[in-house]
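Chemist: Here is how the chains run, residue by residue.
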Amino acid sequence: MTAVVADPEAEQTPAPLLSRALPVVMRWVGTLAVALVVFSVLLLLKGASPVTAYTGIWESTFLRSRSLQEIVVQMTPLVLGALAVAVPARAGLTNVGGEGQIIMGGVGACGAFLFVGETAAPGLLLVAMLVSAMVAGAVWAGIAAAMRLVAGVNEAISTLLLNFVALDVLLFLIYQPWRESPVGQPATVELVDAAKLPFVAATRINVGIVLALVLAVVVYLALSRTRWGYKISVAGGNAEAARRAGLNVRLLVLSALMIGGALAGIAGMIQFAGVEYKLRPSFGYQLGYTSFLACWLARHQPFPILVAAFVFAALSVSGDSLQLDAGVPAASIHVLTAFILIAVLGFTASRRKAAA
Amino acid sequence: MSVHQSTVRALAVACAALVVAGCTSATEAGSSGDGEPGKDTTTVGFIMVGPKDDFGYNQAVYEGSQAVEAAFPDLEVLTAENVPEDDTAATTMQQMIDEGAELIFATSYGHLDAALSVAEENPDVVVVQQGNTITDDIPENSGTYFGTVYEPMYLAGIAAGTATESDKLGYVYAFPIPQTIANINAFERGAQSVNPDVETITVSTSSWCDPGKQQAAAESLLDEGVDVLTQHQDCTSTVIQAAEKSGAMTVGYHADASEIAPEGWLTGAVWDWGPVYTDIVQTVVDGDFVGSAYNDNFRVGYKTGTNPFVLAPYGPGVSEETITAIETAQEWLGTEEGSPFAGPVLDQDGEVRVEEGGVPTYADNDVMDYFVQGVIGNLAQ
Amino acid sequence: MSLVVDVLSGGVSGGTSIMYAGVGETVSERAGVINLGTEGSMLVGALGAYAAGVETGNPWIGVLAGATAGGALALVHGYLVVRRGASQFASGLSLLFLALGLTSLFGAPYVGQPVVGFDTWEVPLLSDLPVLGPVLFQHDPLLYLGYLVVPLVWVVLFKTRVGLLGRTAGERADSLTVHGYSVHAIRIGAVTAGGVLAGMGGAHLATAYANAWFENMVAGRGFIAVALVIFATWSPWRVLGGAYLFGCAIALGPALQARAFEINQFLLDAVPFVLTLAVLTILGKRTLSASPAELKRVFENAPPSG
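Residue numbers (this note's numbering), protein chains in the order written: chain A, 1 to 356; chain B, 1 to 381; chain C, 1 to 306.
Everything labelled a hint here was simulated from the structure, so no lab data went into it. Here the structure is a predicted model, which means the values were calculated and not measured. Cβ coordinates follow ideal geometry from the N, Cα and C atoms, glycine included. Hints may contain errors.
Derived list of chain A stretches under chain C, where covered just means 3 residues or more per stretch with a C-beta under 8 Å from a C-beta of chain C [said to hold, decoys possible]:
1) 144-155
2) 289-298
3) 330-336
Per label pair, the in silico range of CB-to-CB distance [what the hints assert, rightly or not]:
4) B:Glu-336 with C:Val-116: 43 to 53 Å
5) C:Val-4 with B:Glu-76: 56 to 66 Å
6) B:Ser-292 with A:Val-116: 41 to 51 Å
7) B:Ile-323 with C:Ile-61: 38 to 48 Å
8) A:Arg-243 with C:Leu-126: 53 to 63 Å
9) C:Ser-182 with A:Val-37: 56 to 66 Å
10) A:Ala-194 with B:Asp-288: 38 to 48 Å
11) A:Ala-201 with C:Arg-83: 41 to 51 Å
12) C:Ser-175 with B:Asn-378: 30 to 40 Å
13) C:Ser-175 with A:Leu-114: 56 to 66 Å
Just a few of them, taken from the derived set where beta-carbon distance is under 7 Å, the chain A residues facing chain B [claimed, not checked]:
14) Arg-64
15) Glu-70
16) Glu-276
17) Arg-280
18) Ser-282
19) Asp-320
Isolated chain A, as found in the complex (with noise of 0.2 Å):
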């Protein structure tokens, strides 16, 4: 079954990489296949036609104009997101706040709005935004930074926790000062139109996208070809050896979180002035997780990111079409997510770590 599917695939491989990609793509095909198979198998046992639920999905999602824009724009973040957990694993940091620190762009970007919002040039608001929003995002993953080197906190424990304090914040400011009436459903007042960041062409994408595959060469470039990527992959490989050289470890893993913060700070900012125009309750909900996944799936490098982002956009598009057409409740589809990436993280990599 999976020679057959990995045909296509195969055929537009140039010929040298062949011998050498196929087993790769061969694995990757199976696994999915797998996924997709035991996923089936659910979908049976609750009276549902796999070929019902498949071909839904392929048609509602893939075929229409309109369901690919708004996957591209469910991916942006989740690429900002990734990019934002890429970096610091570079230096050898686990950023699992991306939860948190979108929330916390999308705060910076809001209150920057409400701050300035009536009196900035409407070009210039939407730049206070995203300077605020990325100011917001680095110093909420600057905080995890300062603990690790003020007092050895494991930024992984603090970034996670932060996460929660994050969302606290978020619910304090709309439910308080920031609420756009005291009665009704607390959100903040919606972003006035200056606010809004515009669309691609004729379409409903927002231009978020392109910013977030710029910073995608950005970071890939930082990382690959400057000093300072080096650098951080150095101190993230081996602090004290790095330390011997003479590298200044603390600022680099200062900077390397910080950085990735930023990142989210952005995606917040894109999600916020991009899509929702408001922020309410629900703000954010699991785009830092889904992207920390999405990293790992691409294996933390810049351009399979996109991929990642892509699927796991296209997969939370998927979920209306399989309520819609095969009668499943939408959140089955996270079961399709996770036999993805529990094929991918488990059966793919190589087994060296495992035997270790």
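Here the structure of chain A is known, so what remains is to put chains B and C in place on it, guided by the hints.
Modeler: Just chains B and C, lined up with the frame of chain A:
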């Protein structure tokens, strides 16, 4: 097999889409409105904020959608559950439109923003919203509809005010939206009409359905000596069971739950959406939506005769006398001068909100933003 | 009843599900594996218990089913990280998504269905004590079982051979290999045991506390449990105290509202997390040195030994 091939192709298309996304023209963007949005639609969509079998608000919506399906056998009825109250709702509605829906019911209070943006983008599609109020100009292809929930809650308040021994009633609610505020006030005023000393203590959970928070809220109210509990939550079983277990009485909401509270069940307000939904669908299919009562903030109550909210069966604790009192009050609510908020109405600070002899309209009650005297709790939070 | 008693009693009943999950996570982390999928184990535990309760009418069979479901999910995590070398954070989050999806797929028929749950059972004599009575002894049997779980886990961890092996797997895994033990088996066992306890926490939430099943009803309690273990520096006793503290913070909001105080719930909600961060900062390197050595390697992205 084809499924797997599609997946591989999907990835390829996906990558291509990334590149061309910038150039994709909005081919599906609707043509300009033809003045008869939704006419002869073959498909109707319903989006719900919670699960369709929540024993509550969303189940009532789902049952209403089934009534539509029964009344219009040729119509395809799409339903989507657990649709959040943010921009995701717009995506789901758009998916329904892509599947052919030209009439969509966005049924949660917080779906209004998304409903209006979908209506704006699709002038040929009617999007009606349940329970909220459009305060700006109402677009040609949109509107809101609701019943006057607070009328049966007033009647239930009579049952609660008679039954309570501690003179303390408890109200678990989600958000201080005008609809909820009117319910709480009407409940208290119904109770006051038979028991002047009665108080209604309120606790908000900040969620339409979070059983953990509901339990904490119910426990706090019971600890305060409340002996009748009611609620404005989408899922209702947690609060009802908490009351029943501690020997307190229950006034239900959304659905008849006397089954899970055989001892303490008094009565409740229960939905029957079928007739309203069916009439909206008929109006839209006939091409008569524009300018109709539904192309507005449509409200229906005892005065107009077809309130989709009806009173649930009475429990063992309600006497014949009380039932008679409730029936008398219901007749009164249907008259010109009848209203849960017939003046004088004082707010928590003792300020007069409705003068002696004043009878507020349904529209007035839709923007209620204060608690009446006798309600314990803070609005500003 | 007084505010204090109300909040303490609410803290104990609301904190119990967190306590079960926290103690389970302690076992797992003591053996060197962090499990962000605890939230997922609680979710499948809640649904498993609820569904089995509905089908059989016996809440104890429900607990058994919830524990099994929670353990099974954790077993997958254990297999992935221990045998397949997957990232602990990524695997845990993946299993959370799996649990969200599975419970949504299979949970729908149980939404709004009445269950025969645990009733309040007042402990004779003890429940009449002032303050302590209502706070500790006017609850359900599954909550009382929680009182036994903490000492039991403590005894097993620190006074038995099994516990020693588990802790060694978390501290000096290579020494186990030398003595012919399978580090892999021990770790997977500990992770699974942790999932069993998290599943029981979910069971308490669904069939003893809220008496309902709803999609995503665990609502972050599993993540709180993971945070709590760090707050408690890997001690089951401090997990117990911490869980009730978190429970009280959650109960304080409605209790104050019912007394007409004006409050912002979210400042209260943030307190336990800010407190944890403050404690970590003050303890500083000492926290990390209190952590199992193998766990430290996980945090520092070093490959596991053994």
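Chemist: Does the hinted range 43 to 53 Å hold for Glu-336 of chain B and Val-116 of chain C at CB?
Modeler: holds, 50 Å
Chemist: Verify the CB-CB distance for Ser-175 of chain C and Asn-378 of chain B against the hinted window 30 to 40 Å.
Modeler: Once the Cβ atoms are compared, 60 Å apart, the range 30 to 40 Å for Asn-378 of chain B and Ser-175 of chain C is violated.
Chemist: Using the C-beta atoms of Ile-323 of chain B and Ile-61 of chain C, is the stated range 38 to 48 Å upheld?
Modeler: Given a distance of about 42 Å, which is inside 38 to 48 Å, the answer is holds.
Chemist: Using a Cβ cutoff of 8 Å, are there at least 3 residues of the segment 330-336 of chain A near chain C, or does the coverage claim fail?
Modeler: Satisfied; 7 residues make the cut.
Chemist: Are Ser-292 of chain B and Val-116 of chain A spaced within 41 to 51 Å by their CB atoms?
Modeler: holds, 44 Å
Chemist: Holds or violated: Glu-70 of chain A as interface residue toward chain B, Cβ cutoff 7 Å?
Modeler: holds, 6 Å
Chemist: Any CB of chain B closer than 7 Å to the CB of Arg-64 of chain A?
Modeler: holds, 6 Å
Chemist: Please verify that hint: Arg-280 of chain A, Cβ, nearest Cβ of chain B, below 7 Å or not.
Modeler: With a minimum Cβ separation of about 5 Å from chain B (threshold 7 Å), the hint on Arg-280 of chain A holds.
Chemist: Can the suggested window of 56 to 66 Å be confirmed for the beta-carbon pair Val-4 of chain C and Glu-76 of chain B?
Modeler: Cβ of Val-4 of chain C to Cβ of Glu-76 of chain B: about 58 Å, so the range 56 to 66 Å holds.
Chemist: Holds or violated: 41 to 51 Å for the Cβ distance of Ala-201 of chain A and Arg-83 of chain C?
Modeler: holds, 49 Å
Chemist: Can the suggested window of 56 to 66 Å be confirmed for the beta-carbon pair Ser-175 of chain C and Leu-114 of chain A?
Modeler: The hint (56 to 66 Å, Cβ to Cβ) holds, given that Ser-175 of chain C and Leu-114 of chain A are roughly 59 Å apart.
Chemist: Does Asp-320 of chain A hold up as a contact with chain B if the rule is Cβ-Cβ below 7 Å?
Modeler: Check passed: Cβ of Asp-320 of chain A comes within 4 Å of chain B, closer than 7 Å.
When held up to the earlier numbered hints, the structure conflicts with 9 and 12 and fits the remainder.
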